[in-house]
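Visitor: Given next are the chains, with one letter for each unit.
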Amino acid sequence: MSKFVLIVNFQGGTVDTPMEEWKPDEVQAHLNYYRDLNAELRASGELLETAVLAGPDVAKIVTSNGKGAPVVTDGPFQEFKEWLAGYQIVDVESEARALEIAGLISAVPGPNGIPLEQPIQVRELMESSPRTTAEMADWLETVGGTR
Amino acid sequence: MRRYGDFDAAEDAVQEALLAATTRWPADGVPEQPMAWLVRTASRRLIDQWRSDESRRAREAAVAPSEAAPPTAPEGDDTLLLLFLCCHPSLTPGSAIPLTLRAVGGLTTAEIARAFLVPEPTMAQRISRAKQRIRDSGLGFEMPSDDELADRLRPVLRVLYLIFNEGYASSEGPDLQRAELADEAIRLNRMLLQALPDEPEVLGLLALMLLTDARREARTDASGDLVPLPEQDRSRWDRTRITEGLALIDRATGSGRVGEYRLQAAIAALHDSAPTAEQTDWPQIAGLYRLLEEVTGSPVVTLSRAVAVAMADGPQAGMALLDTVEEPLQGFYRLEAIRAHLLEMAGDTDGAVARFRAAAARTTSLPEQRYLMRQAQRLEAARA
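Going down the list, the sequences are from chains A and B. Take the first sequence: its position 135, counting from 1, is numbered 135 in the working numbering, and each next residue is one higher. Take the second sequence: its position 242, counting from 1, is numbered 242 in the working numbering, and each next residue is one higher.
Per label pair, the in silico range of CB-to-CB distance: (1) Ile114/A / Asp147/B: 48 to 56 angstroms; (2) Ile61/A / Thr276/B: 54 to 62 angstroms; (3) Ile61/A / Gly347/B: 48 to 56 angstroms; (4) Gly144/A / Pro119/B: 28 to 36 angstroms; (5) Met136/A / Asp147/B: 53 to 61 angstroms; (6) Leu149/B / Met19/A: 56 to 64 angstroms; (7) Pro328/B / Val71/A: 49 to 57 angstroms; (8) Glu326/B / Thr50/A: 32 to 40 angstroms; (9) Arg123/A / Pro119/B: 16 to 24 angstroms.
One-sided excerpt, in silico: chain A residues whose CB lies under 7 angstroms from chain B: (10) Met1; (11) Gly45; (12) Leu48; (13) Asp91; (14) Glu93; (15) Glu124; (16) Met126; (17) Glu127; (18) Ser128; (19) Glu135; (20) Asp138; (21) Thr142.
Since the hints were derived computationally from the structure, they do not count as laboratory data. Backbone N, C-alpha and C define an ideal beta-carbon position, used for all residues, glycine too.
Start from the sequences and build out the full structure, keeping to the hints where you can.
Guide: This is the structure we're talking about:
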């Protein structure tokens, strides 16, 4: 079994119409699709966690020098489309299965029931976190990438 | 005496449950929770039995400390029946493994969840889904016939093999619980062997587990880093396990077609019997992998064969074999890692460094990553 986080942002896929302008039954169909998919993944014992995030307006950036009070500011300031909207963490038999689930998420219906084709980011989780400086150094070097 | 009293009572309960199940369920349909009390009763009984085995083992060890004292598995078809049910062909390994550990192994759901690093409700869901799937399959609760046995035994052996590997090969998770998984697989395999003493693949799998587990202590160094087979301190290998494994292989010799576990056990035996990596019988290991390839049709076996062929006939021959599985195994870190080793053997340091790094970037296991990066760094240091 391997764990993956499936990330969806506000990238609308093939549809430009913001959700506020969808018909109520279109929005409901969208939500029902997620509800059913999550129920199915929970029943199969594959879904470990899922969440929808609160909006950019309430996002904060915290910095601290470890001494005084942490400095809290608004931000980050980035394109709306780049904001993380929600995620699912799944534990599945294979990468192929994770990609299959990501495909199901991407095909969530939009206006007129047409699949949105939202881009879903699929990231595999390491089996554990680095515990030693040597493990950390190796991890940093490998995430630097060969591509 | 009290012990036997309890044992008999439990045995009776299980037998009654099974009897009721086989006579009534086909007529009345499967009840809401058919597995629940079957499982509860059977595991309770097994735990009792194992406790008594533990104390017997302790007594035997005290009397004859040098002798291996394999635990006596509880006899009876009920255990076997449960094992066949839990390793149902309609289940994926991800469902069959926890169900087997829960129902036959008697681990708690919390323990299984911890061992596999998932939340307990998720694991509970997997187990309940697995039971549901068995119910839905409509498969009878009777023992497989002799004709079916081989087909039904295959997933059972597969599940035990995977439980063992999960415990042995993965260095993730709480160490103690991981080691327990390997021990649990060995224990379940012993039980299976007790019920089916003449099945060559059951013998083969137990031999494979013991011959592999014999190297467990030598597999990591003091700082917890992985030590590859050629560099392991062979004096730390567990001779008792090796002796028992070899004896099991002898017991299976001459019976029936040679299956995948017996072949793997034979390979493990050649490794365990070699005084050094260099003195290993590589040509014979290469031949055994060739047979294993035919039996399993798995390109992953070809990776292992490539190593043996390289040791026997040189790195070029090994790399030619790797080329044949480049496509199906594209992106698989072990393909990169083995190519790196063979490039190093061939003297292509730059190529080997690049492949070691590529392999390190593709594994999600930090100890594996650490091992692969050490290889790259070692070659770079030697070159400088």
